Amino acid sequence: MTTSTPAPTSTPVLSSTPVLEAVDLVRRFGPVTAVDHVSLRIEPGQTFGLLGPNGAGKTTTISMICGLLSPDGGSVHVAGVPMAQEPLAAKRRLGLVPQDLAVYPEISARQNLTFFGRLQGLHGAELRTRVGEVLELVGLSDRAKEPSKKFSGGMKRRLNIGIGLLHHPDLLVLDEPTVGVDPQSRNAILESVEALAGQGMAVLYTTHYMEEAQRLCDRVAIVDDGRVQAEGTQDELIELTGGVDTIVLSGGGDVAAAEVSLRGIPVVQKVARDGNHLRLVVQNAPTAVAGVVRTVSDAGMNLSDVVIQRPDLESVFLHLTGKALRD
1 MTTSTPAPTS TPVLSSTPVL EAVDLVRRFG PVTAVDHVSL RIEPGQTFGL
51 LGPNGAGKTT TISMICGLLS PDGGSVHVAG VPMAQEPLAA KRRLGLVPQD
101 LAVYPEISAR QNLTFFGRLQ GLHGAELRTR VGEVLELVGL SDRAKEPSKK
151 FSGGMKRRLN IGIGLLHHPD LLVLDEPTVG VDPQSRNAIL ESVEALAGQG
201 MAVLYTTHYM EEAQRLCDRV AIVDDGRVQA EGTQDELIEL TGGVDTIVLS
251 GGGDVAAAEV SLRGIPVVQK VARDGNHLRL VVQNAPTAVA GVVRTVSDAG
301 MNLSDVVIQR PDLESVFLHL TGKALRD
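Numbering-wise, the UniProt record's numbering puts 139 at position 139 of the sequence shown, and it's gapless, one number per residue.
In case anyone wonders, no lab produced these hints; they're calculated from the structure.
Computed from a predicted structure; not experimentally measured.
A portion of the hints provided could be inaccurate.
With beta-carbon atoms standing in for the labels, derived distance ranges [to be verified]: (1) Q199 <-> D225: 34 to 44 angstroms; (2) T129 <-> R227: 41 to 51 angstroms; (3) Q85 <-> I308: 31 to 41 angstroms; (4) P82 <-> G232: 35 to 45 angstroms; (5) D36 <-> T233: 17 to 27 angstroms; (6) G232 <-> L119: 16 to 26 angstroms; (7) P105 <-> N187: 58 to 68 angstroms.
Where is the CB? At the ideal position from N, CA and C, for every residue including glycine.
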C-alpha cells in the first residue's frame, strides 16, 4: 500500500486550536450512566486512543463526539466548531468509520466512494481525483470495479475507512476498525492509520486491543465503566503502575482455587483470571515468581507456562481496574 496522500483542500486547523475538545460528556440510558464526565482533547496530527473492554463506553462517547447522540451533559467542539450549536459545520470537519460496515454490497468500491463523496459535497473532476487517491491509499485500486459483496471482511473495512477520508476531515474517528478481520487486513488497516497520522491528520481510535494502542497512539485514555481512569502518553501511563511487573500463569487443574490462593499472599497486588490464564501484578517479578509458582501448585493448578512481562498498557489497565482488559 502507498503511504502518500495529497495535501488537504479543506481549511487547515491552526496549531493553537485542538481538533477535538470534549468536556465532561455524560450520557445516561435510563438508570444506567454509560458515559460519566469524559473529557478528551486531541491536537492536530495526534493519534489518540480510547482503550478499554467492550461495554466500557467507548462507542457511546464517540457517538456523542460525532453528533449521533445528544449528551445529557458536557460539550463537544470539532476544530473549534461547537457540535451543539453548529452540528452540520462540525460534522463536516470529521470523518466517522463506525463498527458496523456502512457500504453498499451490490455496487463497486469506486461507486461506493463516488456515492458517499457526492453526499459530502464533492463533484466532477475533484470527486474523480479524490476517489482515485483514496482507492490507492486503502489498497483497493486493483479491485475498484468489483462489487463490495465480493470483498473479504478486511477489504470492506478498508473501503469503510476510505469513505471516511474522502472529504479530507480534520479528525478521523475509527471505532474498533479491526474487529473480525484477518491478520493481513488488520496490518493493512494499521498501516493506513500510521500513514494518515504521518500526513498530519488527527485520529481518534477506539480499541480493546492493547497492542494496537501501543503501536499507533501518541496519547491513550484508559476507559472503564464509562469513566476515563487515566490519560497520557504510554510512558506516563506506565509510570502509574509504580514500576510493577506482570506474571502470566497458564495451565489446567484448579485454576479458580489458585486465583483465590494468590489473593492471600502479600507479594501479589492484583489478580485477574481469563479462562485458564491468571494475570498477576507484582513488585519485582523475578524475586516473586518462585513463591507464586509454589502457591498455585499447592492450590491444585497444573502450570504449563509462566511468563514475566514488563509493564505495558494492559498492566496499567489491570493496575487501575483490578481486571484484565478483555474482561
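Going down the list of hints, with the structure as the test:
1. Checked against the given bound of 34 to 44 angstroms, the beta carbons of Q199 and D225, roughly 35 angstroms apart, stay inside it.
2. Separated by about 44 angstroms at the C-beta atoms, T129 and R227 satisfy the suggested range of 41 to 51 angstroms.
3. Look at Q85 against I308: about 53 angstroms separates their beta carbons, and that is not inside 31 to 41 angstroms.
4. As the Cβ distance of P82 to G232 is approximately 27 angstroms, the hint placing it in 35 to 45 angstroms is violated.
5. Checking the proposed 17 to 27 angstroms range against D36 and T233 shows it holds: the Cβ atoms sit about 24 angstroms from each other.
6. For the pair G232 and L119, the beta carbons lie near 37 angstroms from each other, so the given range of 16 to 26 angstroms is not met.
7. With their beta carbons about 24 angstroms apart, P105 and N187 fall outside the hinted range of 58 to 68 angstroms.
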